[in-house]
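Participant: Read off the chains here:
There are 2 protein chains.
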Amino acid sequence: MGKSMAGHLLKAGHRLHVYTRTKEKARDLLTDGAVWEDAPGSLAARCDLVITIVGMPSDVEQVYFEEGGLLANLRKGTVLIDMTTSSPELAGRIADAAKKKGGAALDAPVSGGDKGAREAGLSIMVGGDRHVYDEVLPVFKLMGRNIVYQGPAGSGQSCKMCNQVVIASTMLGVCEAMAYAKKSGLDPHTVLESISAGAAGSWALSNLAPRMIEGDFDPGFYVKHFIKDMGIASESAEKMDLDLPGLALSLKSYRELAAKGDGDLGTQALAKMYGVGPSK
Amino acid sequence: MGKSMAGHLLKAGHRLHVYTRTKEKARDLLTDGAVWEDAPGSLAARCDLVITIVGMPSDVEQVYFEEGGLLANLRKGTVLIDMTTSSPELAGRIADAAKKKGGAALDAPVSGGDKGAREAGLSIMVGGDRHVYDEVLPVFKLMGRNIVYQGPAGSGQSCKMCNQVVIASTMLGVCEAMAYAKKSGLDPHTVLESISAGAAGSWALSNLAPRMIEGDFDPGFYVKHFIKDMGIASESAEKMDLDLPGLALSLKSYRELAAKGDGDLGTQALAKMYGVGPSK
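Heads up: the sequence lines are chains A and B, in that order.
Mapping the first sequence onto the working numbering, position 88 (from 1) lands on 88, and the numbers just tick up by one.
Mapping the second sequence onto the working numbering, position 170 (from 1) lands on 170, and the numbers just tick up by one.
It is possible that part of the hints are untrue.
Pairs count within a copy or across copies, as identical chains cannot be separated in the list.
Unchecked claim - Dumping the calculated DSS-like pairs for lysine-lysine here, alpha-carbon to alpha-carbon at most 30 Å:
1. Lys-239 with Lys-252
2. Lys-228 with Lys-272
3. Lys-252 with Lys-272
4. Lys-228 with Lys-115
It is worth saying that the hints were derived from the structure and are not from the lab.
Turn these sequences into a full structure, and let the hints steer you where they fit.
Facilitator: Structure below.
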């Protein structure tokens, strides 16, 4: 996703400096004129705006807080934007640290996946100071279509958590209905014809249920990444003393799925836990 | 719903005989030319086609199987259609009994609610013999827009159960996300702006979450009716030896809601269990 997103900035005429752990992944960008940097810290020292999108909150922690990282080397006035789906609490700590160094930070996780990144059609949920958001909005517009300011630091991440919390239980409903259809001897395609357009309708039902039926478990969004996101939401809910039993149930089922070795499949593979898929 | 649906048949020029437990509810239809019958059995003895839509499976059982009921008085060749959301197993028993009497029966539950019934826009899911379905299809077309033949007797009910099973867990996801948004101090409307159009999107999120936020718990679809439907799905799943933990969790939460006296609210009132609604 990072490569597609950076490509849009380059195409728009921005001078782009890049760092990735695996330099090979940046090759096309470098061919197109991006400048290589050997460490995150060099980016923070040289650029007006630094955008990160990495894997886990622990990766974010490292890139921002390690010795050669972004915060230790931050140039005054530079804006840091983390677009990783990460924890609201960590986003808050980064924003505080950036301010202390005379810079600023936004949390701006996205939804829309690889396709959204390629087509500059991401939904971007932004937390941080409003005036910083207003300043960098033109850059967000190069990468996304639905860009919404959600509130102070961490609010972008909290909004993304809401997104994942909805999906968590919705996936249970879709899988359970497909399992019920199969057990009842119904044609699941015919069931979808009846139920997709009404009160049961959802993006997941329209887009993922057909793939469940066909046994197509290729990743649009990885099981392992969804587990990461639900884990963050779950911990954060617990800290807020908020009981989310649907989220807990979904996370438990997905962890069982991953324990069977299916973490690299798409989230629709949850259907396997219910015996849904093409009949052998 | 029955009144609107019968009205469409009358307007299309069909000769309509009616029976309801509360005669008053049929007054407008009688004014418009419908003929009153004193018992379900009289309808079965006099009409080519009898359509029922009542409350609980126990009501269906009574209307079909009691002494003055439909089956005991069924005229040869008459088609019985039950449009109540009821159990697949009961639909199968009705179809068997109708055949033995030289008639036929279809199960044809609907989704789309009062509005769908008024606007002849219902989704109708039909189970029974295909040739009987083909024969009465013009009548279904007077009441609905999305009419799908689902398979042998009981399949219409099974399909409707799939619909309710999807909704059951989807509602958990929507409520939990709105609760997370509130606890995080986000503006829930702004959250919906970010998440409604993407992978978290659903009919429930777009239509019911805004009502949860406003504390508008007026019934589109009653909590008590949803509990009935989920109860049927749950029993039927158990008979098929199918474990549906999302459905079980949702049913448990809705039963707790009803136990607090909220059975006559709309299904979006589940949000109350999560403390969602306008801040006082």
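Participant: Hint compliance check: list the failing hint numbers for this structure, sorted ascending.
Facilitator: Hint check: nothing fails, all pass.
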